[in-house]
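Asks: Sequence:
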Amino acid sequence: AAPAYRAMQSFREKLPAYNVRTEFLKVVAANQ
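Numbering (the numbering used here), first residue to last: 93 to 124.
It is worth saying that the hints were derived from the structure and are not from the lab.
C-beta: ideal position from N, C-alpha, C; glycine also.
Please note: incorrect hints may appear among the correct ones.
To be verified - Computed Cβ-Cβ distance ranges for the label pairs, DEER-style:
| id | residue 1 | residue 2 | range |
| --- | --- | --- | --- |
| 1 | L117 | A96 | 29 to 37 Å |
| 2 | Q124 | P95 | 31 to 39 Å |
| 3 | K118 | A94 | 17 to 25 Å |
| 4 | A94 | Q124 | 29 to 37 Å |
Construct the complete structure from the given sequences, taking the supplied hints into account.
Replies: Spelled out as structure tokens, the structure:
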């Protein structure tokens, strides 16, 4: 699980827009 988690983190670091979009969806879901 740890290697996959690290891979996902490095993947998100390469795509900041994806990370921002994920955080945005979290906020929207929390507000509904």
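Asks: If a hint holds in the structure, say so; if it doesn't, say that too.
Replies: How the hints compare with the structure:
As the Cβ distance of L117 to A96 is approximately 21 Å, the hint placing it in 29 to 37 Å is violated. Between Q124 and P95, the C-beta spacing of about 34 Å keeps the proposed range 31 to 39 Å intact. Against the hinted window of 17 to 25 Å, the Cβ-Cβ separation of K118 and A94 comes to about 23 Å, which satisfies the hint. Separated by about 32 Å at the C-beta atoms, A94 and Q124 satisfy the suggested range of 29 to 37 Å.
Checked against the numbered hints above, the structure breaks only hint 1 and satisfies the rest.
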